[in-house]
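Whole structure, please, built from the sequences with the hints as guidance.
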Amino acid sequence: MNKHLVGISALLLTACGSDGSSTDVTPPPANLPAKVMGTVTQVSADHQQITVNGYKINIANADIRYQQQPLDAKAIQVGMRLDLVNQGQQAKTVVVDPALVGEISAINKNNITINGIQLAVASASQYKKGDWVAVNGYPTVVGQWQVESINLFPNLAIAEIEGRVTELDSVAQQFRLGSALIDYANAELEGLLAEGVWVEVEGQQDGAVFKAHEVDVEDANDAPTFNEMELEGTVTWVNQDKSQFELNSRTRLYVTEQTQFEDGNRANLLEGKRLEVDIQSTAQGLWAKEVDFESSDAGGPLPDLGNKFELEGRATLDSNNQLQINGFTFIIDARTQFDDGLTLATLDQKWLQIEGVELADGQWLVKEIDLEQQSNELELTGKVSQNSLWGYHASDASLATFDGNWVNVECQFDDIQIHSCRIDD
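Letter by letter, the sequence shown follows residues 1 to 425 in UniProt numbering.
Hints listed in this document are in silico derivations from the structure and should not be mistaken for laboratory results. Treat the hints with care, since some could be wrong.
Said to hold, decoys possible - Derived pair list, reagent style DSS-like, types lysine-lysine, alpha-carbon separation capped at 25 Å:
1) LYS56 to LYS129
2) LYS129 to LYS74
3) LYS242 to LYS211
4) LYS350 to LYS242
5) LYS129 to LYS35
6) LYS56 to LYS74
7) LYS211 to LYS128
8) LYS56 to LYS92
9) LYS350 to LYS289
10) LYS56 to LYS350
11) LYS92 to LYS74
12) LYS109 to LYS35
13) LYS211 to LYS308
14) LYS242 to LYS383
15) LYS35 to LYS92
16) LYS74 to LYS35
17) LYS74 to LYS109
18) LYS109 to LYS129
19) LYS350 to LYS383
20) LYS35 to LYS211
21) LYS128 to LYS109
What the hints assert, rightly or not - Ranges of calculated distance between the beta carbons of each label pair, as one might list FRET restraints:
22) ASP361 to ARG314: 46 to 52 Å
23) ALA345 to ALA397: 39 to 45 Å
24) ASP46 to ILE423: 53 to 59 Å
25) TYR127 to ASP219: 32 to 38 Å
26) PHE328 to GLU271: 22 to 28 Å
27) ARG422 to PHE328: 31 to 37 Å
28) ASN321 to GLN260: 36 to 42 Å
29) ASN320 to ALA30: 53 to 59 Å
30) ARG422 to ALA122: 41 to 47 Å
31) ASN321 to GLY404: 39 to 45 Å
32) GLU257 to GLU372: 17 to 23 Å
33) ALA283 to ALA45: 43 to 49 Å
34) ALA45 to LYS109: 32 to 38 Å
Quick caveat, the model's predicted, so the values are computed rather than measured. No residue lacks a Cβ here, since even glycine has one placed at the ideal position from N, Cα and C.
Right, here's the structure in full:
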């Protein structure tokens, strides 16, 4: 990932000539990473070279496509997200991989609508109804979209949406991706649909409904495609001990002591940070082998990524297999991470630590579940209400000053009540 390595090597070779001569030694160009996924930041005037993740990549002889449709090199524009397979110093295949593709159906001053999804833009004056566009960005858990770029795109009659499945109705054969209603009755399914899975959907907008032709479910079987990939993205969630994080609301990665950091460290893993990550696929999941913090974070204000929560407590499962702790109900979906050998079937009556985010409708989505040993200390993150937090009432006034506020506190615990709560730095 270190793009300065070639230049440093050249200086060392020049300085170490044994005969003191001034003959320069030029090292061979470094090979590109085998796989790169990122955003185009530069395109040469002749459209034969692009810059992605800091690498200048020759695309003169590459097979360039969107889905199965061949594209001319001139279709590649700054801001597009690409998935590249490289060989040596040039690209072998280039796949345009937007988050949204479709026709603009409505426009107002600061919004455009594509595939039933309203996107906020700085100014809509450059667009017109009927334009086909490709959008680089990602949906958040609260239903908003963070738009990183919008590019005019050829009308190939193939619209696309990606995101997290909610409100899955197997009888009506419909689900939602944010505000978009997807009808998959006549679609070819690749993978098993379930609440919370990430999908890429191809089809066409038909009135208020997106009629899917193909639904591709991302699952564990896709992990090998990320192996040895350099992936660029924005951090949209990090767990409490910074051992796991997500990029673009989609790709979950884990961190170990062997993870190397460039231009930052593990403590800098925060929502909104823009990263380039070298990935290895392992039995545990996708390992962040190397993390490079980019000098500039995602453009514009950070979107609402949902309030993060954390708590410990005795778990129960209701008749619908919903997780409850202290009377609060939490959503477990297909992307919830179970640690310590836990499964949904083994959660009942266990003392657990859970972390997650609040959704737009006020429900609590669990991102990670750990088995914990009950102790006399609790770490809690949530909204204080009437001197209580997550059903734990404070026997003193240590929570009173935080009433109505979202806090991260550490409290003493006597098996029934909490006390001596203080802000956890």
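A quick look at each hint next to the structure:
1. LYS56 to LYS129: violated (35 Å)
2. LYS129 to LYS74: Given that 25 Å is the threshold and the Cα spacing comes to 23 Å, the pair holds.
3. LYS242 to LYS211: violated (39 Å)
4. LYS350 to LYS242: holds (24 Å)
5. LYS129 to LYS35: Violated. LYS129 to LYS35 sits at ~36 Å, over the 25 Å cutoff.
6. LYS56 to LYS74: holds (16 Å)
7. LYS211 to LYS128: holds (23 Å)
8. LYS56 to LYS92: Roughly 14 Å separates the two Cα atoms, so the pair holds.
9. LYS350 to LYS289: violated (33 Å)
10. LYS56 to LYS350: Violated, because 52 Å separates the two Cα atoms, which is more than 25 Å.
11. LYS92 to LYS74: OK: LYS92 and LYS74 at ~17 Å, within 25 Å.
12. LYS109 to LYS35: violated (39 Å)
13. LYS211 to LYS308: violated (34 Å)
14. LYS242 to LYS383: holds (22 Å)
15. LYS35 to LYS92: Distance ~10 Å between LYS35 and LYS92 Cα, so the pair holds.
16. LYS74 to LYS35: With a Cα-Cα distance of about 22 Å, the restraint between LYS74 and LYS35 holds, given a limit of 25 Å.
17. LYS74 to LYS109: Violated, because 30 Å separates the two Cα atoms, which is more than 25 Å.
18. LYS109 to LYS129: Roughly 13 Å between the alpha carbons, so the hint for LYS109 and LYS129 holds.
19. LYS350 to LYS383: holds (24 Å)
20. LYS35 to LYS211: Violated. LYS35 to LYS211 sits at ~32 Å, over the 25 Å cutoff.
21. LYS128 to LYS109: Judged against 25 Å, a Cα distance of about 12 Å means the pair holds.
22. ASP361 to ARG314: 46 to 52 Å: violated (26 Å)
23. ALA345 to ALA397: 39 to 45 Å: For ALA397 against ALA345, whose Cβ atoms are near 41 Å apart, the range 39 to 45 Å holds.
24. ASP46 to ILE423: 53 to 59 Å: holds (57 Å)
25. TYR127 to ASP219: 32 to 38 Å: holds (35 Å)
26. PHE328 to GLU271: 22 to 28 Å: holds (23 Å)
27. ARG422 to PHE328: 31 to 37 Å: violated (23 Å)
28. ASN321 to GLN260: 36 to 42 Å: The hinted range 36 to 42 Å holds for ASN321 and GLN260, with Cβ atoms some 40 Å apart.
29. ASN320 to ALA30: 53 to 59 Å: Holds - the Cβ-Cβ distance for ASN320 and ALA30, about 55 Å, lies within 53 to 59 Å.
30. ARG422 to ALA122: 41 to 47 Å: holds (42 Å)
31. ASN321 to GLY404: 39 to 45 Å: The hinted range 39 to 45 Å is violated for ASN321 and GLY404, with Cβ atoms some 33 Å apart.
32. GLU257 to GLU372: 17 to 23 Å: holds (22 Å)
33. ALA283 to ALA45: 43 to 49 Å: holds (46 Å)
34. ALA45 to LYS109: 32 to 38 Å: About 34 Å separates the Cβ atoms of ALA45 and LYS109, which means 32 to 38 Å holds.
In summary, the structure is inconsistent with hints 1, 3, 5, 9, 10, 12, 13, 17, 20, 22, 27 and 31 from the numbered list given earlier, while agreeing with the others.
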